[in-house]
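Undergrad: Working from the sequences, and respecting the hints, build out all of it.
Residue numbers (the working numbering), protein chains in the order written: chain A, 1 to 384; chain B, 1 to 87.
Rather than coming from a laboratory, the hints here were simulated on the basis of the structure. There could be a bad hint or two in this list.
[Said to hold, decoys possible] Quick list of in silico lysine to any residue cross-link-like pairs, SDA-like style, CA-CA up to 25 angstroms:
#  : chain 1 : residue 1 : chain 2 : residue 2
1  : A       : Lys109    : B       : Arg8
2  : B       : Lys20     : A       : Glu88
3  : B       : Lys76     : A       : Ala156
4  : A       : Lys109    : A       : Asp176
5  : A       : Lys154    : B       : Gln80
6  : A       : Lys358    : A       : Arg168
7  : A       : Lys358    : A       : His172
8  : B       : Lys42     : B       : Gln60
9  : B       : Lys20     : A       : Glu107
10 : A       : Lys154    : B       : Met30
11 : B       : Lys76     : A       : Ile238
12 : B       : Lys20     : A       : Gly65
13 : A       : Lys154    : B       : His82
14 : B       : Lys76     : A       : Asp231
15 : A       : Lys141    : A       : Ala116
16 : A       : Lys321    : A       : Gln91
17 : B       : Lys20     : A       : Gln91
18 : B       : Lys20     : A       : Gly305
19 : B       : Lys20     : A       : Trp308
20 : A       : Lys141    : A       : Ala156
21 : A       : Lys346    : A       : Trp308
22 : A       : Lys109    : B       : Arg12
23 : A       : Lys250    : B       : Lys42
24 : B       : Lys76     : A       : Arg236
25 : A       : Lys154    : B       : Gln60
26 : A       : Lys141    : A       : Asp176
27 : B       : Lys20     : B       : Glu2
28 : A       : Lys154    : A       : Arg168
29 : B       : Lys20     : A       : Ser289
30 : A       : Lys216    : A       : Leu237
Listed below, chain by chain, are the residues.
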Amino acid sequence: MNRHDTMPAGDRPGIGPPLWLLAELTYRCPLQCPYCSNPLDFAQTQQELTTEEWTRVLRQGREMGAAQLGFSGGEPLVRQDLPELIAEARQLGYYTNLITSGLGLTEAKVNAFRDAGLDHIQVSFQASDPELNNAVAGSRKAFDQKLAMARAVKEAGYPMVLNFVIHRHNIHQMNDIISLCERLGADYVELATCQYYGWAFENREGLMPSRAQLEKAEADVNTYRQRLADDGSAMRLIFVTPDYYEERPKACMNGWGSLFLTVAPDGTALPCHSARLLPIEFPNVRNSSLHSIWYDSPGFNHYRGDSWMPEPCRSCDEKGKDFGGCRCQAYLLTGHADNADPVCSKSPHHDRILAARKAADHATAGLEELTYRNANNSRLFFRG
Amino acid sequence: MERTPRLRPGFRFQWEPAQKAHVLLYPEGMVRLNDSAGAVLKEVNGQRTVADIVAILEQQFPDAGSLADDVSEFLKEAEQQHWILFP
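TA: Okay, here's the thing in structure tokens:
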């Protein structure tokens, strides 16, 4: 069989299509969560892509084989053209996911999005009670709004995924969180322990749970999972534990430039939503087609394959499994993105992970001591 | 055999040319189906019973012999995977 008859035109041997496209429509957000994955200097970003530019990106992505599309941000609801983008995406054949804080959502919008073809709305919560939720989010009315919108999403017939970012200040709430999700009728619950990039890296000491906290939480989740199974409940719990407590790194993004393509609000194309912090030049959809970005740009080819790896990854028999871990984590913790992810116990920099674990055992910082994600704090980062 | 399977709400079944395969899409996830799984799920529409689906597939693949066991077993697995429901 001639490969070129059936594969998307212009593909390269060994590089599969980007099956997952993440459209970060904006960095604007009404919330101030101190673990936000947006860049620290987000306030510097000018000129969001226009509706026409996003439409072009969606078409090009779909032609290349992207099937999953996430609308995220910031808060994607602040984009007035969201219904238009949803309709376009659905018509192209994407499975469309809206990843939202719920702020700015209304019942009318929930229904209008459904009519436009939106497949799924994921609502994020910060905690199981209004006090803690609103303190973390930096917004007094957030929790009640989220509850109302979760109910509206359910009412409109969407599959319901509720997402909780877990850290040392809410990790004791596992039972309350899951029970809240059960009452709301969630289909999936993501209990995603903080990953330390962006604002979360800045606030790591104030966010990272201790090992004791983590073990208790894992036991709580397992007990609850068993109870759900006994009750015949279809609700699924997905507990993402922090890699800082692992001895081998995660297979980050399933490999660099392997499945995921993120487009940032200003059109910068990235192999993951954190990669912007790396000292690598990334292409922009304003100047290049998505196809040439994915297959030909130096940024996307930088860490493909394994010829870039130094030791201990180079001679490691697990390099095909975890690809040396996360480039952003290597850069943040060692100053060099080529290094092995220090999560790996074979990394010469693993002591930095051990130090973070030790710090988590003795951390005392309260929520009020964290640096909240807002435009004022962001400006401090790029003014230096 | 008289039960009527349907896809779980939020799941979508479609052909993906780039993957040359049928896939199941669901919130933030995708399963690439092999040919036989694709052939069975293609007939799951909330109207056809398991017996209907078996009959359609046996007509499509006359050389395959009886498919009742294979189809039932696959649908059972698909139910356990939370892809389909038997309301």
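Undergrad: Work down the list of hints and note, for each, if the structure agrees.
TA: Outcome of the hint check:
Distance check on the hinted pair: lysine 109(A) and arginine 8(B) sit about 24 angstroms apart at the alpha-carbon level, within 25 angstroms; holds. Taken as a hint, the lysine 20(B) and glutamate 88(A) pair is honoured in the structure, with Cα atoms around 23 angstroms apart against an allowance of 25 angstroms. With a C-alpha separation of about 29 angstroms, the suggested pairing of lysine 76(B) with alanine 156(A) is violated against the 25 angstroms cut-off. With a C-alpha separation of about 29 angstroms, the suggested pairing of lysine 109(A) with aspartate 176(A) is violated against the 25 angstroms cut-off.
With a C-alpha separation of about 23 angstroms, the suggested pairing of lysine 154(A) with glutamine 80(B) holds against the 25 angstroms cut-off. For the hint linking lysine 358(A) to arginine 168(A), the alpha-carbon distance of about 14 angstroms falls within 25 angstroms, and the restraint holds. For the hint pairing lysine 358(A) with histidine 172(A), the CA-to-CA distance comes to about 19 angstroms; that is within 25 angstroms, so the pair holds. Between the alpha carbons of lysine 42(B) and glutamine 60(B) the distance comes to roughly 12 angstroms, so the proposed pair stays at or under 25 angstroms and holds.
Restraint check for lysine 20(B) and glutamate 107(A): not satisfied, since their Cα atoms lie roughly 38 angstroms apart, outside the 25 angstroms limit. Simply put, lysine 154(A) and methionine 30(B) have alpha-carbon atoms about 22 angstroms apart, close enough for the 25 angstroms limit, and the pair holds. Taking the CA atoms of lysine 76(B) and isoleucine 238(A), the gap is about 23 angstroms. The hint holds against a cut of 25 angstroms. Under the criterion of a C-alpha separation no larger than 25 angstroms, the hint pairing lysine 20(B) with glycine 65(A) is consistent with the structure, at around 10 angstroms.
The straight-line distance between the Cα atoms of lysine 154(A) and histidine 82(B) is roughly 18 angstroms, inside the 25 angstroms bound, and the hint therefore holds. A hinted pair counts as satisfied when its Cα atoms are at most 25 angstroms apart, and lysine 76(B) with aspartate 231(A) qualifies at roughly 19 angstroms. Between lysine 141(A) and alanine 116(A) the CA atoms are separated by roughly 28 angstroms; this puts the pair beyond 25 angstroms, and the hint is violated. Restraint check for lysine 321(A) and glutamine 91(A): not satisfied, since their Cα atoms lie roughly 36 angstroms apart, outside the 25 angstroms limit.
Taken as a hint, the lysine 20(B) and glutamine 91(A) pair is honoured in the structure, with Cα atoms around 20 angstroms apart against an allowance of 25 angstroms. For the hint linking lysine 20(B) to glycine 305(A), the alpha-carbon distance of about 24 angstroms falls within 25 angstroms, and the restraint holds. This hinted pair does not check out: lysine 20(B) and tryptophan 308(A) have alpha carbons roughly 31 angstroms apart, beyond 25 angstroms. Taking the CA atoms of lysine 141(A) and alanine 156(A), the gap is near 23 angstroms; set against the 25 angstroms cutoff, the hint holds.
At roughly 18 angstroms between alpha-carbon atoms, lysine 346(A) and tryptophan 308(A) fall within 25 angstroms of each other, so this suggested pair holds. For the given pair, lysine 109(A) sits about 22 angstroms from arginine 12(B) by alpha-carbon distance, which is consistent with the 25 angstroms threshold. A hinted pair counts as satisfied when its Cα atoms are at most 25 angstroms apart, and lysine 250(A) with lysine 42(B) does not qualify at roughly 35 angstroms. Restraint check: the Cα-Cα separation between lysine 76(B) and arginine 236(A) comes to about 18 angstroms, which is no more than 25 angstroms; the hinted pair holds.
Of the pairs offered as hints, the one joining lysine 154(A) and glutamine 60(B) is violated, with about 39 angstroms between alpha carbons and a cut-off of 25 angstroms exceeded. Between lysine 141(A) and aspartate 176(A) the alpha-carbon distance is near 20 angstroms, which keeps this suggested pair within the 25 angstroms criterion. For the given pair, lysine 20(B) sits about 32 angstroms from glutamate 2(B) by alpha-carbon distance, which is inconsistent with the 25 angstroms threshold. With a CA separation close to 30 angstroms, the supplied pair lysine 154(A) and arginine 168(A) exceeds the 25 angstroms bound.
The straight-line distance between the Cα atoms of lysine 20(B) and serine 289(A) is roughly 23 angstroms, inside the 25 angstroms bound, and the hint therefore holds. Between lysine 216(A) and leucine 237(A) the alpha-carbon distance is near 16 angstroms, which keeps this suggested pair within the 25 angstroms criterion.
Of the hints listed earlier, those the structure fails to meet are numbers 3, 4, 9, 15, 16, 19, 23, 25, 27, 28, in rising order.
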